[in-house]
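Using the hints provided, position chain L relative to the given structure of chain H.
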Amino acid sequence: MLDYVTGYLSSNVTPGQAGNWVWALIYILLIFLGISLAVMGMVWLERKILAHMQIRLGPMRVGPHGLLQPIADSLKLLLKEDIIPENADKVVFWLAPLMVVIAAFTVFIVIPFGPTHAVTDMNIGILFMLGVSSLGVLGIIMAGWASNSHYPLMGSLRSSAQMVSYEIAMGLAVVSAVLMTSFNAGGSGTLSMIGIVQAQAAQHTWFAFKFFPLGLVALFVFAVAMVAETNRAPFDLPEAESELVAGFHTEYSGFRWSLFFLAEYTAMLAVSSIAVTLWLGGWMRPFPSWHGPAITIPNFWEHAAPLGAVDFAFSLVPAVCFFVLAAFAFIGTLRMPKHPLMKIQKGGLGALALVLAGIGLVLLIPPVRDRIQDIFWFVAKVAVFMYLYIWYRGTFPRYRFDQLMKLGWKVMLPMGLGVLIATAVVGVLV
Amino acid sequence: MNPVATPFFFYFLSAMALISGVLVITRKNPVHSAIALIFTLLSLAGLYLMLYAPFVAGVQIILYAGGIMVLFLFVIMLVSVSRVERESQFNKQWLVGIAATAALGVLFILVYAKGKSVFPERTVQLPEQLNTQQVAVWLYGTYMLPFEIASLLLLVAIVGAVVMAKKRI
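Line order of the protein sequences matches chains H and L.
Numbering follows numbering that gives the first Met the number 0, in which position 110 of the first sequence is assigned residue number 109; successive positions increment by one, without gaps.
Numbering follows numbering that gives the first Met the number 0, in which position 145 of the second sequence is assigned residue number 144; successive positions increment by one, without gaps.
In case anyone wonders, no lab produced these hints; they're calculated from the structure.
Where hints are given, some of them may not hold.
No farther apart than 25 Å at their CA atoms in a straight line, the calculated lysine to aspartate or glutamate pairs in the DMTMM-like style are these [stated by the list, open to error]:
id, chain 1, residue 1, chain 2, residue 2
1, L, Lys166, H, Asp401
2, H, Lys47, H, Asp72
3, H, Lys75, H, Glu85
4, L, Lys27, H, Glu85
5, H, Lys89, L, Glu86
6, H, Lys345, H, Asp72
7, L, Lys27, L, Glu86
8, H, Lys345, H, Glu45
9, H, Lys75, H, Glu45
10, H, Lys405, H, Glu242
11, L, Lys27, H, Asp88
12, L, Lys165, H, Asp401
13, H, Lys79, H, Asp120
14, H, Lys342, H, Asp72
This structure is a prediction, so every number in the text was calculated from the model and none was measured.
Just chain H, with the same shape it has in the complex (with noise of 0.2 Å):
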């Protein structure tokens, strides 16, 4: 049994491709219980980062600094009544946060996390996850008509309106940067994600700044039209709360709700994991060209070549993020109020900076610190591009429709055009 994992830990091919059902279904769930813990973590994050900017404490009452709100948050949802409207479609209502959710969690299949973290790899990668991530606005378009109220259905009419415009852009960017995975000695260009990393690899630069500024103006355009496509402020106007009450959403209650709020944080995640593999170098850790004797990014774990000084230093980082968590946790716990009914609170968090510590250690061993590395340097990137949109939506002020539509159509997409077109003509070039 253990030599089994082993031997399988210490392969070169994403289990898809060994044709590995069990390992395949063994990433599934981890990625599922991985998405669900982050889309957990963001809620929190994400009410606390708002209320920081809005010089608010955010929620203090359950567990230490709210710590525990997400978890209440979740029962409150699954204990809430689940409404259905009278003269709702109730088949099409029922099927349309199914939808939502299904569209964003598969997209997870191709991503790679590292090397050999994905549950496979396709050939099609980057058509498969646009493709799939598109199908979500069905399922918003689907719960607008089936709730048979006003207020759902401009919501959906704007949703499409806004994600279809919004994905054409969105197109045009990710076609420069697959342009680029061209351009390397081999000169064929590839779709699939972990192929999209290994060009970036072996370029010796992270797409973003190829071409300077070429792809930095393709994020730029990618990253614009993320948040249109994922819904979020300041393009929130399908939910626009001061107008349509909560837009496609209204009519929808308990835990049916709860799965449209996890399907769009998870498409959030998708969204911005696109981005970190395209142009940010997907598992690479930061500055890849700083390296030990070898020129190409080695297999950590095989330690075909010896690790420099820089390399060390880098794979070090994990665990010292780690212990920095728990130094935050373990000032925490000293600083706890001393009555007597926070006692609970403070043993808590106490555990919870010897569990992060204890992690960091774990983090220490050579082979666990060999091995992490790339999925951590894939979740800190992603990590990035979550809090912008929390502060996207702390900053910035919501977009009037017309206004949307202007920066779609006149702006982003002439953007993306041009830049496909310049990365086009400097590659030939070049």
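Quick look at chain L alone, frame taken from chain H:
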């Protein structure tokens, strides 16, 4: 990688495509028809995958399921459902219908009976990895001119739609 449980997936996807295809024409509510059509298109994409044509499958999902069906639903949603449900669903064209069905049935029977000799026993299996590249080489190399003519035609259609829809340009 070798495909797993091929017959199961083939029959599953075909059954899904057929059942939802029948639902498309039998549902009275146009939105239900459109949703059934989405499932038909998705299962067709699965069948393309089984034929080692991942690119065609991806394009099928993006263009048909993700693009065209969104616009379909967008328009259909604005139609009053209660009025549509009172209209008669089918044209009463029995004669033409029966003739067309019979012709199609004869064609199917012929294919089933003579297929073994007409079609080659084993088709050339393209390596899955190169499918996208092969499509690109054919579209932009061998069939460059027809492809460009088709895209020009689409451009003309777009311009025409804008001219007809907008009174003042």
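Hint numbers contradicted by this structure: 13
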